[in-house]
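This is what each chain is made of:
There are 2 protein chains.
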Amino acid sequence: MKRKITLKQIARELDVSISTVSKALRNSAEISEDTKQKVQAFAKLYNYRPNNIALSLKNRKTNTIGIIIPEIVHHFFSKVIRGVELVANNRGYNVIIGLSNESFSKEVINMDMLANGSIDGFILSISKETLQLQDYHHFNETMSQGMPIVMFDRVVSDIKCDKVIVDDLNGAKNAVKKLIENKCKSIALITTKDYVSVGKLRTQGYLEALEEHKMTPKADLILKIDDTLDYKVDLEELESEIEQLFKSNKKIDGVFAVNELYALSAMKVARKLGLDIPNDVQVIGFTDGVLSKHSTPSLTTVSQHAQHMGEKAADLLIDKLENEINEDADEEYQTVIIATDLIERESTK
Amino acid sequence: MKRKITLKQIARELDVSISTVSKALRNSAEISEDTKQKVQAFAKLYNYRPNNIALSLKNRKTNTIGIIIPEIVHHFFSKVIRGVELVANNRGYNVIIGLSNESFSKEVINMDMLANGSIDGFILSISKETLQLQDYHHFNETMSQGMPIVMFDRVVSDIKCDKVIVDDLNGAKNAVKKLIENKCKSIALITTKDYVSVGKLRTQGYLEALEEHKMTPKADLILKIDDTLDYKVDLEELESEIEQLFKSNKKIDGVFAVNELYALSAMKVARKLGLDIPNDVQVIGFTDGVLSKHSTPSLTTVSQHAQHMGEKAADLLIDKLENEINEDADEEYQTVIIATDLIERESTK
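As given, the protein sequences belong to chains F and Z, one line each in that order.
Going by UniProt numbering, 7 is the number at position 7 of the first sequence; the sequence numbering is gapless.
Going by UniProt numbering, 113 is the number at position 113 of the second sequence; the sequence numbering is gapless.
Any given hint could be a false lead.
Since the list gives no way to pick one copy over another, a pair counts as held whenever it fits inside one copy or between any two copies.
Said to hold, decoys possible - Restricting the straight-line Cα-Cα distance to at most 25 Å, the calculated cross-link-like pairs of lysine-lysine (BS3-like) are:
1. K44 - K272
2. K61 - K349
3. K320 - K177
4. K8 - K320
5. K293 - K38
6. K214 - K349
7. K218 - K36
8. K61 - K38
9. K293 - K44
Derived from the structure by calculation, the hints contain no laboratory data.
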């Protein structure tokens, strides 16, 4: 059985990055002629089948949408997929899903594989590693070859494509305002490091809410978690960071956390320190998770309407695929912003 | 842009079922010559690209595994996928996922699409509708064309392939034994209608546990839910059936439920009727869900080790793909049974 060689194997053999191989095979101007020739010759020798997206698109439609998500065990992403599925099925499209597992090279490999004639266009959310590396060549080149992309949730302003995002800034702002209205005087923020766009916007919402109420943000009330660590495995590490936050700020009476895990961990740590929720500390999370509703006490959250995001993303992509009139006109891209709702439960007064 | 015609469209045009179209295109002996000619001519006319699995397999490997699952918003299935991913990545394979949404025709369409040169083999769990229709031609024909399938969780004994299943019978039996040891005298079973194999085996485990303890099973303690209804949408219907069960059997002091949703609903209904858990009623569920741990009271469950199932399934499939020695020997198939664990929490004494 003759094996198909993969991008990864070519990269390993030639001792270059997967990104370089991918760019070289697409004849990118970023790569030197010498490297391009080497990669292309090697790929040919070992029977690598490069993408012929433009060609295949001209010839046929697959009526299939490719979704690339960073993680599968995640309620938010599965609800988005359900939304995409609903609209896709109604409009006569099938859906297949690839996982990046938050890895840049897996994202490149998956897109390469699916773009190879299996699908008509992508709906995707960028992996954390890609956001850190800021290497977006695979998105831009996929689109320049005629395959549309719609990004959701984790997006980058540099990339010109349709986008569906949550109103992270106002969602966060409204949550923090709620804590302020509920008489919280010392509100902590548990967020991620800034390279993930949603963490950044939610942090900004927190700061704007404080500002509007003439409260001065304090650096030691803001805990920035390095979420490249796998906290699902090492929850203790996360909890000890949060415990440190509470111990060095005895006056904390409100917590806004940018995701469900941080919020639930904050409640757990607070209770462990003998604090009552919501009487001593009020907590709000940002999520569409299933745990918020069932935790004790149940968690007040900012709902992102994940399914609606998926529906919207599918409509944008299929509209683009089926709109052949403006083929030669300048492309126009939309960013749809989905408003959030604050769902009040027991963790706030 | 020339559209690729789909199985569904051919079926609609010729007023036959998708299954008939699929069988006719694969030249199945089940279909009349007349129908085969009609379908094949139509497919040719409209440029349908049939599967050339056998051909494509001879020529190349894709190093990609296709997973078909019935549902995406389901913790069990996402954990299985994580397990498949882990092993696949370690062994140099990629993974793509298709969803059947519990529909027979979507299962056929997805398999057809992925088998068309995108993947080397399937890992799948059968949709409820397929189990009801008992139409397994798409599995058998995919395998007869040289593409291996590993089934997990929802399997059928008629189909000859590798399988990974949970020890549903003993898992259920041990759970019910636990209730008996905890002095429950009147143990209700909340299960599914019998066409889903796992529901059937868990029911059998319940009956065997009673029998071993010389307790007579009573028909009115067994509630069989029609789980083709979408109870995520219509929870009230489910709860009212369970309420009926409790009201017509005032002595119920133990409940074994075959999934998390039924178990949590039973706890909710019991509390509503003024019963204390675990003092008046003890409840055990069967699941790998996230809610069990966080519900109030937390739920005692039979853990299925979903991730381990996925890992095992991936190993079986890749072993088959890479084992070329026995190519002409009689195929041997394994059924791996994954043992369960009872995780005791607050819903039992």
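Original post:
Which holds for K61 with K38 at a C-alpha limit of 25 Å: within a copy, between copies, both or neither?
Top reply: For K61 and K38, the Cα distance is within 25 Å only across copies (24 Å; inside one copy 33 Å).
Original post:
Between copies, within a copy, both or neither: which fits K61 and K349 at Cα up to 25 Å?
Top reply: Intra 54 Å, inter 59 Å, cutoff 25 Å: neither.
Subject >> Copy assignment of K293 with K38, given that the CA separation must stay at most 25 Å >> reply: Result: close neither inside a copy nor across copies, 56 Å intra and 55 Å inter.
**OP:** Classify it for me, K8 with K320: is the Cα-Cα distance of at most 25 Å met within a copy, between copies, both or neither?
**Re:** For K8 and K320, only the inter-copy Cα distance (23 Å) is at most 25 Å; the intra-copy one is 32 Å.
Original post:
When no copy is specified for K44 and K272, does a C-alpha distance of 25 Å or less occur within a copy, between copies, both, or neither?
Top reply: neither (61 Å within a copy, 69 Å between copies)
**OP:** State whether the alpha carbon distance between K214 and K349 is at most 25 Å within one copy, between copies, both, or neither.
**Re:** within (22 Å within a copy, 53 Å between copies)
**OP:** First find the shortest C-alpha distance between K293 and K44 inside one copy, then the shortest across copies, and answer within, between, both or neither for a cut-off of 25 Å.
**Re:** So K293 and K44 fail the 25 Å test inside a copy (55 Å) and across (53 Å) alike.
Original post:
Under a CA distance limit of 25 Å, which applies to K218 and K36: within one copy, between copies, both, or neither?
Top reply: neither (51 Å within a copy, 74 Å between copies)
Original post:
Taking 25 Å as the upper bound on the Cα-Cα distance, should K320 and K177 be classified as within, between, both, or neither?
Top reply: Neither: 39 Å inside a chain and 58 Å across chains, both beyond 25 Å.
When the structure is compared with the earlier hints, violations turn up for hints 1, 2, 3, 5, 7 and 9 and for no others.
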